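S.K.: With the numbering used here applied, the sequence shown covers 1 to 176.
Everything labelled a hint here was simulated from the structure, so no lab data went into it. Keep in mind that this is a model prediction, so the values were computed, not measured. We put the CB at the ideal spot given by N, CA and C, even for glycine. Take these hints with a grain of salt, some might be off.
[As the list claims (entries may be wrong)] Now the in silico label distances, taken between C-beta atoms and shown as ranges: (1) Leu42 to Ala135: 29 to 39 Å; (2) Glu59 to Glu129: 45 to 55 Å; (3) Arg83 to Leu127: 43 to 53 Å; (4) Gln121 to Lys76: 18 to 28 Å.
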Amino acid sequence: ATPQAAQPKPAIDLGPLGEAVRELVQRVDSSERRTAEMTRKLEATVGQLAHRIDQSEHEMEDRYSEARGLDPLERKLQMLGERMERAERGRGGLRPEDQRTIQTLEKAVSAVVDHLETAEQRTDNTLAEIRESLASLSHRVESAEQEAAREESKRREQALETTLLQLATRLEKMEQ
């Protein structure tokens, strides 16, 4: 029995295990580098998209302000005014029938301008009402979601309480 006890046990070769661990570490490092690179690229792409969206919004705002400034009605009125001034200078004054025509034209233009201002005011009021309705609806949805979350929390609390009571009862029965 003594000769067997004296024999040393064969050594376990940990070389393949160590090699496998090193390979795993290298693969994890490589994966982390790829993930970091992809994250950087994704952040750059998102940044570019955000910049493009901002730029588009600014361009649209600029175009809208230019379009409002170059309203066709305003251009037409300006052209008519310039023509009237040239006609007045060219003739040395207005004839009575021209004066009546101009007054009628001024009244018509004034009515159109008033109508446009009224329509714009109505549009602004309608948009304000829509914004208020959306805000109210958003608040109601948020309140409903919070209420649903509270109800769910209560149900979970009650279920937990019931389970704890059952466990306590079972524990008491086991101790008896």
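S.K.: Does each hint fit the structure? Answer for all of them.
M.R.: Do the hints match the structure? See the list:
1. Leu42 to Ala135: 29 to 39 Å: holds (34 Å)
2. Glu59 to Glu129: 45 to 55 Å: Violated, at about 29 Å.
3. Arg83 to Leu127: 43 to 53 Å: violated (37 Å)
4. Gln121 to Lys76: 18 to 28 Å: holds (22 Å)
In the structure shown, a violation is registered for the earlier hints numbered 2, 3, in ascending order.
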